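Chains as they are written, first to last, in our numbering: chain A, 2 to 331; chain B, 1151 to 1384; chain C, 1239 to 1598.
If you're looking for bench data, these hints aren't it; they were derived computationally from the structure.
On a predicted model such as this, the values are computed, not experimentally measured, just so you know.
Hints may be right or wrong, so weigh each one.
Calculated lysine-lysine pairs in the DSS-like style (CA-CA distance at most 30 Å, straight line) [to be verified]:
#1 Lys305(A) to Lys1494(C)
#2 Lys133(A) to Lys1451(C)
#3 Lys1494(C) to Lys1320(C)
#4 Lys305(A) to Lys1451(C)
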Amino acid sequence: MTRIGDILGRYGGVNLLPLFVAALGFVLIGAPASWVTLTVAGLAMGMMIFLMASGLSLVFGLMDVLNFGHSAFVSFGAFIAASALAFLGAWLGAENIALNIAAMGLALVAAILFGLAAGWFFETVIIRPVYKDHLRQILITMGALIVAEQIILMIWGGTPTAVPRPAFLEGAWILGDVSIEIYRIFAFGLGLAVYVALYLVLNRTRIGLLIRAGVENREMVEALGFRIDRLFVAVFMLGSALAALGGAMWAGYQTLISPALGAEMMIVVFIVVIIGGLGSIEGTLLGALLVGLVGNYVGFLAPKMALASNMILMMAILLWRPSGLRPAVR
Amino acid sequence: MSLLSITAMQTRIGQYAVLHNISLEVPEGGVFVLLGRNGAGKTTTLRSIMGLWTPSPGSVTFRGRDLTGMHTAEIARLGIAYVPENMGIFGGLTVEENLVLATATGRFDKVRLARITALFPALETFWTKQAWALSGGQKQMLAVARAIIEPRALILIDEPTKGLAPSIVGAMAEAFREIAQGTTILLVEQNFQFARSLGRDMAVIEDGRIAHSGTMAEFAADKALQDRLLALSA
Amino acid sequence: MSQTRTTGALIVKTAVLAIGAALLFAPFLFQDVRALEVAARICIFIVLVASYDLLIGYTGIVSFAHTMFFGIGAYGTAIALKQMGNGWDAVALGTLAGMALSLVLAVAIGLLSLRVKAIFFAMITLAAASVVLVLASQLNQITGGEDGITYRAPSLFSPATQLWQGADGKVATLFGVKMNGKLAGYYFVFLTSLALFVFMLRMTGSPLGTVLKAIRENEARAEAIGYRVVAYRTFVFCIAALVASLAGSSYAIWLKYTGPDTALSFAIMIDILLMVVIGGMGTMWGAVIGAVLMVLAQYYLRDLMELAAGATADLPVLPHLLEPDRWLFWLGIIFILLVYFFPAGIAGTIMRWGAPRAGR
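Using the sequences and the accompanying hints, generate a full structural model.
Right under this line is the structure:
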């Protein structure tokens, strides 16, 4: 058993889990065409969830702050993107693909800008007074979530909002009897790009070095002469912006969104962060892909078990590794 | 003028007063040793200087500048380095990254680096290894190296010999002697033999107060005083 | 910590006693159907909030699974009443089954995750609760899905039941109140709640309560002294789960309807949180005050806001903010301000009045 473990460890260890899940899915589903579609959907979903979860994980790792209001950024991102797309409606169906892309780009930028601003507000006004007090942190961010949801209800109303998609992301590619939705490829590509960018920033830049060190031992980084609290605002803003971006992508994916979106995604995001291990983006990516794949496979095999399957996955992983697959701090 | 002077410092942690009245004058140059039993308040003193606990009332001045109320990072930028008892190594970072992080600019001063690797050759051997894989002694070397990678005026070191093998303790003493040529070290130590070989001035903390201060030579000669303050025999 | 003999404490206890008296005579004091609904809901929520306070206030555990246990109790009783008919055997079996399931889940969650950080625990309970909620709304055949289950309570509680017959053969009245099954139903809820509340009050006053406080104040020290922190936490988590489950069962009997909105939804969890924080954590009295204020607000504040919205209809933003559906917005803001400025809540803050200023 340990020898198998060693061999697996050499070839990537827990990183192989998504492959294992995909293989298991292939066996259980049986039909290759359906399997490809589901796998693509799972990977796309995983990447969008990764966008939403990565900020939460980093913020927790760096400052020991868990923001229960994080999903508010996701909802706002979704609704702002929806409004932006509706506003740019004329560009969406335009023949000119540049206008298409510009419309989608502007919608995403709007969500990101909102995320940055809201993140700044959240960190400095709401969370800063309750550093180091977990109980009040949970309560206050929960309160902020309630208020944020109410604001969404006030602005966009309680009925589901339709999200128009730009023409270039509509439709699917057909390869033999396999059809792959273009939007899913787009979502996967964007998520991957964000992951690579985050990875490079964290591992190749001085700021990234500070963040990684701060996740391990904040006090020591300060004793070396760095104001980590200032860095933290930046990380918090970045995390909120990514959540808003994830929400915006999710809106386009769902094409119909309701104010309950934030609460629904919060559960998934928490499960991902717990599975992955708090504080590491590698872990978050791994957790998000697992949740995306398992959710889609189970959704196909036993539709009613979809959400419960994520829960079971989380329980199983926690029993195996109590602090998640790849926690940042050893 | 002293490099660091502490007057009537008191520190509370939660509802407990840990330091009652600490007054110290640390002169420039050499090693100043802070002795005392477990729980006397030595670590708290270092942390209070560093701004990791907030002392009040009382004051800490460094080169005539009042440190009280300043942020830890600002205090560090004045040229004070801190090597905590647990060494504060970033285990997930490589040896190189640990050291790069401690530089102000992100670049090494080649001359200093060469001096450090000469002092601690092991660091060069494990240059690209993640620091959690180092032995206790190597971690301690890394922690000290990190403190001197930039020119510092004062280095606070908390029990560097704790749990180290005797051979490494000897190397550490050698290194400290060399470091103390150019900067001041405020050393908290339980290992009296080690402290005696290095210290020029010293003080003993007892129950959050300075119980004695003077030169190491005097203290080392006064067996009765040692027994009373440190209970070495016990 | 000697808050028990201050003037403030006296005020709080007097208020709680007054609330208790009002609830005891509620059917006679407030003679309309809605008022009785409100009174019964208050009774149930006092128990629910107090049991949550055992966790958050006395032990420092933040759980988001409390409605889950409440819902399991409610659904257990509801399903039994639906399937087996409206006998007491169904009530007993359903209630016990609910308690058993709650206990199993509480032990599992507790042992799995109480040894980790508070924040982890909060996340895991939240995830568990949401999964149960989804399951309940998806398992149509058993739970009735989104629509819930309607059933008959034991005939003693049926409005047609006559507790006393008057001389004319109709149901007797006392001070104008009909002595019918509805009244019996209310007193069933009231007495169950009272018994559970007194049980919890005794528990917090016992040596166990002292241990819990020690753990909350300083977990490491409590562990060092030799208390098995995880075991105590799991135990309290189980007790709180069982009490919540029982509260759910009695609510199911009273309402004769159980659905996601009345027993399982996340909105109830938020209500509980608001109640415990507004009332004051760590004092059983706070639970009473918080539950009363919030339930009254839920039923009557909306009417008030409707009036206000109507009155300000011509102004620009105000009517939007005062719309009755927006009341949660205001509660959220009040909640945040309370946590910042009065973390002790109403009861905790009042109880400090007249306390000798400790050297803090």
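Handout entry: Hints not upheld, ascending by number
Key = 4
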